[in-house]
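Mapping to full-length UniProt numbering: the sequence shown position 285 is 285, numbers consecutive.
The reader is advised that the hints may include incorrect statements.
As the list claims (entries may be wrong) - Think about it this way: if two alpha-carbon atoms lie no more than 20 Å apart in a straight line, the pair counts; the simulated SDA-like pairs of lysine to any residue are:
1) K190 with F175
2) K136 with T278
3) K277 with K190
4) K159 with E129
In case anyone wonders, no lab produced these hints; they're calculated from the structure.
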Amino acid sequence: MNSKRWIALGIAVGLFIFSAIVNVATSLAFGNFSTFSEDLFPTDEEFVETVLEEGDSLDKVVVLDVNGAIMDSGDVSSIFQAPGYDHRAFLRMLDQASEDRSIKGILIRVNSPGGGVVESAEIHDRITEIQEETKKPVYISMGSMAASGGYYIAAPANKIYASPETLTGSLGVIFQSLNYSGLAEKYGVKLETVKSGPYKDIMNPARDMTEDEREILQSMINNSYSGFVKVISEGREIPEDRVREIADGRIYDGRQALELDLIDEFGYWEDAIEGLKTDHDLGDVSVIQYESAYGFSSILTMGVQKMVSSDLEMTSLMKLLSQPNAPRPMYLYQE
Numbered sequence: 001m002n003s004k005r006w007i008a009l010g011i012a013v014g015l016f017i018f019s020a021i022v023n024v025a026t027s028l029a030f031g032n033f034s035t036f037s038e039d040l041f042p043t044d045e046e047f048v049e050t051v052l053e054e055g056d057s058l059d060k061v062v063v064l065d066v067n068g069a070i071m072d073s074g075d076v077s078s079i080f081q082a083p084g085y086d087h088r089a090f091l092r093m094l095d096q097a098s099e100d101r102s103i104k105g106i107l108i109r110v111n112s113p114g115g116g117v118v119e120s121a122e123i124h125d126r127i128t129e130i131q132e133e134t135k136k137p138v139y140i141s142m143g144s145m146a147a148s149g150g151y152y153i154a155a156p157a158n159k160i161y162a163s164p165e166t167l168t169g170s171l172g173v174i175f176q177s178l179n180y181s182g183l184a185e186k187y188g189v190k191l192e193t194v195k196s197g198p199y200k201d202i203m204n205p206a207r208d209m210t211e212d213e214r215e216i217l218q219s220m221i222n223n224s225y226s227g228f229v230k231v232i233s234e235g236r237e238i239p240e241d242r243v244r245e246i247a248d249g250r251i252y253d254g255r256q257a258l259e260l261d262l263i264d265e266f267g268y269w270e271d272a273i274e275g276l277k278t279d280h281d282l283g284d285v286s287v288i289q290y291e292s293a294y295g296f297s298s299i300l301t302m303g304v305q306k307m308v309s310s311d312l313e314m315t316s317l318m319k320l321l322s323q324p325n326a327p328r329p330m331y332l333y334q335e
């Protein structure tokens with residue numbers, strides 16, 4: 001960063017510190033320091049509640065978001081990491097909602113093209129555990145897109161809402177890698193490989209794939225696909241043969257999805273909330289959302305991201321470095 005960016009960062013940190021000092025002084029003046037310290041440094045829960053709809057404070061419905069590709073970027077994140085879906089944080093939100101007895105239902109808003117096979121399975125399994133162990137209903141509200149892995153995590157829900165224009169489907173598995181052997185040959189670039197076995201460099205981008213390698217990968221894809229079919233069949237109570245007919249990788253809009261029993265009703269997240277309340281006799285419950293309890297890192301992260309976002313080279317580099325370093329099976333809609 002240049003000097004102007006460092007100055008801007010220093011100002012942002014200074015303003016935060018000044019704001020904290022003012023809040024401490026105000027709290028001391030009115031005898032509420034203990035409340036302030038609890039708010040600033042929460043000890044019991046990782047996430048605090050933001051009220052979306054007022055209601056009975058003892059009974060709540062929590063709204064969680066899966067917004068973006070369902071990928072695990074790791075437990076340790078950089079302050080320069082682009083904002084988006086945080087897999088580990090989302091799983092911890094599910095855990096908190098499961099353990100909190102005041103939470104009577106969960107609504108998950110899904111706006112995602114899908115993502116990793118493992119990550120999608122983790123969310124699916126966590127949802128089914130909550131349903132079986134706590135009997136809390138889990139509803140899904142699909143946004144503009146809930147495809148592939150986005151549908152995988154929606155399949156076990158008690159009810160799925162979508163708009164007629166929602167893009168869903170893309171039911172299946174994909175495994176991709178670039179093959180730049182022709183380009184490398186044109187420019188005289190050769191990748192030298194020393195390997196311990198014939199398949200150690202499978203999907204090497206500098207050469208064509210062999211038929212044996214293709215069969216190995218196809219077997220893996222078939223296994224993941226069978227698991228996807230089973231999840232849809234059990235979650236939506238559709239025979240597996242029928243699921244295989246419709247799970248050919250194509251996308252569907254909301255109208256088609258309703259005809260195929262892939263969703264239950266048309267509506268947006270507010271409609272899903274009302275349906276959840278009515279279907280399960282929840283009455284006048286509060287509707288809340290989780291947010292990180294540790295505000296300083298969030299504020300600092302947003303400030304740094306804003307400052308570096310205008311630097312095209314830095315943004316492009318971080319995007320490149322954030323990509324997976326090896327191909328793997330994905331429940332992902334590829335545009």
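Against the structure, the hints:
Restraint check: the Cα-Cα separation between K190 and F175 comes to about 24 Å, which exceeds 20 Å; the hinted pair is violated. With a C-alpha separation of about 14 Å, the suggested pair K136 and T278 falls inside the 20 Å cut-off, and the hint holds. Note on K277 and K190: the hinted pairing is violated, with a Cα-Cα distance of about 63 Å set against a maximum of 20 Å. At roughly 16 Å between alpha-carbon atoms, K159 and E129 fall within 20 Å of each other, so this suggested pair holds.
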